[in-house]
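Residues per chain, in single letters:
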Amino acid sequence: MKSDQIKPNKPKIAFFDFTSCEGCQLNKLNLENELPDILRHVELVEFREAMDDKADYYDIAFIEGSLSTPSCINRIHDIRRRSNILVALGACATIGGINSMKNLQPIETVRETVYGEEKYRFPTLPAIPVSAVVKVDYEIRGCPMSIPEFLRVLKALLMGKAPNLPDSAVCVECKLRENECLYDRGIVCLGPVTVGGCEAICPSFGQFCTGCRGLVPNPNKDAMLDILTQHGLSLEDAQKRFLLFNSYNIESKSIT
Amino acid sequence: MEKFNLSTSRLNALIKHLMTRGIVYAPHKNGEVSFSFDEVRDPGKVILNYNRTLQSIKKYFLPPREQLLSFSLKSGSLSKVEPENPLRIFLGVHSYDMQAVLRLDYNFSQGNPELNYLKRRQNSLFIGVSFEPDTYHFSRSVGIMVEEFDGFDLFLDKHSSGYTLYVVTQAGEELLSGFDHLEEAPDRPATHREFRNKIKYNFNRLSEVFDHAWDSSVWEEIAQRCVGCGTCNLVCPTCYCFDVEDDVNLSLADGSRYRSWDGCMLNSFAKVAGGENFRADLSDRQRHRVYRKFKYITDVTGEPWCVGCGRCTAYCTAGISIVETVNRLCEEYEQTVLRKPLAKQDWVL
Amino acid sequence: MSNHIRTGIEEPDRKMLELYYPEIAEITRTKQITELEKWFEIALPGNRDLNHQPGQFVQVSLFGFGEAPISVTSSPTKRGVFELCVRKVGTLTTAMHKLKPGDRIGIRGPFGHGFDLQKMEGKDILIIGGGIGIVPLRSLINTVIDRRSDFGRFIILYGAKTPGELLFKDELKSWREDPTIEYHVTVDQGTPDWDGNVGVITTLIPRLDLNLGNTIAAVVGPPIMYKFVLMALKSKRLPDENIYLSLERRMKCGVGKCGHCQINHSYVCQDGPVYHYPVIKQLPEAIQ
Ligand SMILES: Cc1cc2nc3c(=O)[nH]c(=O)nc-3n(C[C@H](O)[C@H](O)[C@H](O)COP(=O)(O)OP(=O)(O)OC[C@H]3O[C@@H](n4cnc5c(N)ncnc54)[C@H](O)[C@@H]3O)c2cc1C
Ligand code: SF4
Ligand code: SF4
Ligand code: SF4
Ligand code: SF4
Ligand code: SF4
Ligand code: FES
Chain A
1 MKSDQIKPNK PKIAFFDFTS CEGCQLNKLN LENELPDILR HVELVEFREA MDDKADYYDI
61 AFIEGSLSTP SCINRIHDIR RRSNILVALG ACATIGGINS MKNLQPIETV RETVYGEEKY
121 RFPTLPAIPV SAVVKVDYEI RGCPMSIPEF LRVLKALLMG KAPNLPDSAV CVECKLRENE
181 CLYDRGIVCL GPVTVGGCEA ICPSFGQFCT GCRGLVPNPN KDAMLDILTQ HGLSLEDAQK
241 RFLLFNSYNI ESKSIT
Chain B
1 MEKFNLSTSR LNALIKHLMT RGIVYAPHKN GEVSFSFDEV RDPGKVILNY NRTLQSIKKY
61 FLPPREQLLS FSLKSGSLSK VEPENPLRIF LGVHSYDMQA VLRLDYNFSQ GNPELNYLKR
121 RQNSLFIGVS FEPDTYHFSR SVGIMVEEFD GFDLFLDKHS SGYTLYVVTQ AGEELLSGFD
181 HLEEAPDRPA THREFRNKIK YNFNRLSEVF DHAWDSSVWE EIAQRCVGCG TCNLVCPTCY
241 CFDVEDDVNL SLADGSRYRS WDGCMLNSFA KVAGGENFRA DLSDRQRHRV YRKFKYITDV
301 TGEPWCVGCG RCTAYCTAGI SIVETVNRLC EEYEQTVLRK PLAKQDWVL
Chain C
1 MSNHIRTGIE EPDRKMLELY YPEIAEITRT KQITELEKWF EIALPGNRDL NHQPGQFVQV
61 SLFGFGEAPI SVTSSPTKRG VFELCVRKVG TLTTAMHKLK PGDRIGIRGP FGHGFDLQKM
121 EGKDILIIGG GIGIVPLRSL INTVIDRRSD FGRFIILYGA KTPGELLFKD ELKSWREDPT
181 IEYHVTVDQG TPDWDGNVGV ITTLIPRLDL NLGNTIAAVV GPPIMYKFVL MALKSKRLPD
241 ENIYLSLERR MKCGVGKCGH CQINHSYVCQ DGPVYHYPVI KQLPEAIQ
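Protein chains in written order, with the numbering used here: chain A, 1 to 256; chain B, 1 to 349; chain C, 1 to 288.
Fair warning: there could be bad hints in the mix.
[Said to hold, decoys possible] Below are the EDC-like pairs computed for lysine to aspartate or glutamate, each with C-alpha atoms no more than 16 Å apart in a straight line:
#1 K74/B / D193/C
#2 K74/B / E285/C
#3 K221/A / E199/A
#4 K271/B / E285/C
#5 K59/B / E178/A
#6 K29/B / D184/A
Bear in mind the hints are in silico, worked out from the structure with no lab data behind them.
Could you put together the complete structure from these sequences and hints?
In C-alpha cells form, the structure reads like this:
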C-alpha cells in the first residue's frame, strides 16, 4: 500500500493535463481561495503547465485527460517515474471517456476527419485511459469529476489511507436523496449500472445519467440493454447510450 | 371506538390544529408523478390521496445518513451525539407503512436494543389514512388490510363525501382536544375496496414454501434480468441494513462516524478484505433478500417482513416483481413438493 | 404520551443502548511478529478485565480510519490487559500497524459467541488452525494450557503457507517442548532451512489416533480450508457434534443490526463467530 508512505509534512502535489474536453473544472475550482484548510497541508508544486521547472518528485500526481498521442505516452511514463501516488481525475483519464468514442471508428477515419489532408503530420492513437499505460493508484471518476469525491480522496491520501470509494450504482444515491426516478417520467437513465459517488447529481436535477463515472463491477449489461429497450430505446440507441462513456471499457479492452 | 365525521373542507383546519401540537409530517408531491413525506408548512400542499411515497416514514427513525459520534483525531477522544426526539405527528400514513414501523421496532429493540432508533421513535404519533390499492399494492396478501388500525393513534377512512375519523388510542384522543365542532359519525357500511389477494398462498403457508425454495431455478432467472442497483433494498420500508464510515473535516483535525443505508443486493455487501465475496452472484443476493422478507425473521416472529407496499416492484427499472417471484415459488412447491396439478388461477399477477 | 413500541421498552437504559460508542483503551506493548502481522497488548481504563471467552472478538476503532472486528488472541486467564494480533490488509489494519505503546484506540465488545469451554472440559481437545486462524485459537490454547488438568489430551495442528508466515514462534517452540501437548505443524511450501512437514493441513489429520467419542475439535482458518478439514475429520469418523468452527464475514456493527455478517438467518456477530458444526449444517450459505 502506497498511501501510507506519504511523508507527514507538506506532501508535494501536482496536476497534469492530457487530452480532455475542457478539463475537470479544476480551473473553476479556485483551489487557493476555496480550500485554504486543505492547502495548509500540501505544497502545490505543479499546476498544469503553469510552473516551468519540473520537480523531480511528487507525492501525489493528479492526471486529467485521456492519452491519445505517442507523446502523451512518453510524458505519462515520465510523470509516473517521478510520482509516489498517481491519481487519475475524471472520465477521460479513468475510463477513456467521451474521447474514446473515436475508438469506434477506424483510426484512419478519425485522423481524416480531424486533420483532413494533413493527417500524416499528426500521429494519433485511440483515446485510452491512463491505466492502460501506467499503473494508476486511485481513480476519481466523473465528467466532470466530482469535487466532493476529489476532496474525499485528497483527505484520505493526506491521512495516509487508501480512499474508500463507492462501487454501487447511482440509483443508491438517488434513493438516499429520495429523488423521483426518471423512468417514472418516461426518461431512460444509465444510473442502474453506473458507479455512484456523484451524489446522483444529474437525476437530482432532472437529467438522466449518461454513465460518466463508468460501470459498476460485474455489470449485467444484457439486463441493462433490456431495460433501455423495454423503456423505448431501439437496440442501436441503447448501445449508443452505453458507449458514450464506456467505449473503452466495452469495445476495446484489448488496446494497451 | 369513537368516530367523527370530517368533511374534506375541514381537513386543513385539522392539519393546522395538529401543527400547534408538534411537527407534522405528511405526503406531498415530489417530482411529476411521485410523493414523499415532508414536514408540513402549508396544509394546502398536503396530499392524502396518494398511491405511495418514494420512501416510507422509516427515514425519520433511521435516517439515510446519520452521525453516530464525532471525534478529534489529535486527542483521540470522542463526543457522543444525542438523537433528537421532538414530538412528531405523522399524518396520512398507509397501514402497510405503519406495520413496517412496528416491524422495525422489533428489529431495533430485540437482541441489543439500539438507542438511536428507539429514541427517535419514542415521541411519535401516527394518523393513518385509507388508500385505493393500485397494481403494485399487495399488503392484503401479507395480512395487512387497508383499514388496519394497529399502530395508529387516529385513522382517517375516506368515503365518497369525506372522511370518518377514528380515535384509536388515548394519545389520539388527546391530540384532538381543542379541535372543535367534531360531530359523531353515524355507523356506515365499510367502504368497499377492490383488493384481491395477489399471492397464491395465504402468508402463513409461505414459510413452508420457502423450506423448499432454496435450490429453485427462479433465483437464477430473476438474476438474469437484475442489474444489482439496490433500489429494491433502498426503498423497502422494512430494510434496515447499514454501512458505517468515518469522515474527516478538511482541517484533518476532527471528524465524525456516519452510518448510511446499505442493501444486500449491492455487490460489496458481503465482501471481506481478502477479496472473498460471500454473495458474489446476483442470484444469491436475490435469494437472500427474498428470504429475509418471507422466511428468516418470519420464522421467529410469525409475521412476514414484507408488508406488501409494492415499492420494490414499482421502482425496479428491470420490472422484477416480488409477487411474481413468490408465486413462482408457490407453483414450484405445488408441482415438485405437493405434486399437485396447477390450481385454477384465482390470484392475479 | 403513549408510545407504540410493542416490545415494551418505555425508558431505555441508556448505557445498554449506546451500542456504537467505543471505550478508549491504551496500547501498552506491541510487537511486529511478521511482515504482515503485528501484536498488541491493550489495557482498558483502570486495567479492567475484558471478560471475554476464547473465540470472541472486539470491534477496534481508530477514529478517521473506521472500525474492524478483531479476535481476542489472549486467554481470559490473562488478567488486566488483553491482546490482539492484526494482519495488515486494508485501511484500518494498515493504520493500526503504525501504532505504538501509549497510543489510544477504541474498543467495543467483546462480542459474539466463543468456544463452549464447559462442553470441552474433561475432553480431549483437537485444535486445527490454518493461517491467521491461529489468532483466535491461541486464546483457547492458552486457556487449556493454564487450566491443563481440566482437559484430556491436547493436540494442536497448525498450518501456514510458508515457514515465514508462522505466528507466535516463541510459543510454538514451547508447545513443541511441552510433553502434555501433541503439536504438529506444516507449511504449504517449505524453504531450505525448513525440516518439518510440507503439505496442506489436512495431510496431518489421517495419521492422528483419536479417541473419537471424547474428542472436541476446534477449527479456524480461511474459508477454503473448512471443506477439506471437515472431509478429513469425517473420514476419521469424528462425530459432527464434536466439531466447532469459527466463521468470518464482513462486519460493521458487531451487535446484530447492520446485516452485513448474516449467513441465512444467523448473525455471525451474535450467534458466531464460533459455531457448533451441526448448526452450520443447517446454514447452506455457511461453507461454500
Ligand atoms: C470475527 C472476526 C474476527 C477477526 N479477527 C481478526 C484478527 O484477529 N486479526 C486480523 O488481522 N483480522 C481479523 N479479522 C479480519 C479483519 O476484521 C479484517 O481484516 C478487517 O476488517 C479489514 O479492515 P481494513 O479496514 O483494514 O480493510 P478494508 O479492506 O479497508 O476494509 C473495508 C471494510 O470492509 C470490511 N471488511 C473487510 N474485510 C473484512 C473482514 N475480513 N471481516 C469483516 N469485515 C471486513 C470492514 O468493515 C472495513 O471497514 C476478523 C474478522 C472477523 C469477522
Ligand atoms: S433516476 Fe436514474 S439513477 Fe435515479 S433511481 Fe432512476 S434509474 Fe436510478
Ligand atoms: S449521474 Fe451519471 S452522468 Fe451524472 S455525474 Fe453521476 S455518473 Fe455522471
Ligand atoms: S431494483 Fe430490480 S434491478 Fe435493482 S437490484 Fe432490485 S431487483 Fe435488481
Ligand atoms: S419487499 Fe417490496 S413490497 Fe415488500 S415491503 Fe419491501 S419494498 Fe414493500
Ligand atoms: S438483509 Fe437485505 S433484505 Fe434484509 S434488511 Fe438488509 S438489505 Fe434489507
Ligand atoms: S456485524 Fe452488524 S449485524 Fe453482525
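| query | Taking only the CA atoms, is the gap from K74/B to E285/C under or equal to 16 Å? | reply | Violated. K74/B to E285/C sits at ~43 Å, over the 16 Å cutoff.
| message | Given the hinted pair K59/B and E178/A, is their Cα-Cα distance within 16 Å? | response | holds, 10 Å
| Does D193/C lie within 16 Å of K74/B when you go C-alpha to C-alpha? | violated, 46 Å
| Would the pair K271/B and E285/C pass a check requiring their Cα atoms to be no farther apart than 16 Å? | holds, 14 Å
| Between K221/A and E199/A, is the straight-line Cα distance small enough, at 16 Å or below? | violated, 23 Å
| message | Would the hint linking K29/B and D184/A be met if the CA-CA limit is 16 Å? | response | holds, 14 Å
Of the hints listed earlier, those the structure fails to meet are numbers 1, 2, 3, in rising order.
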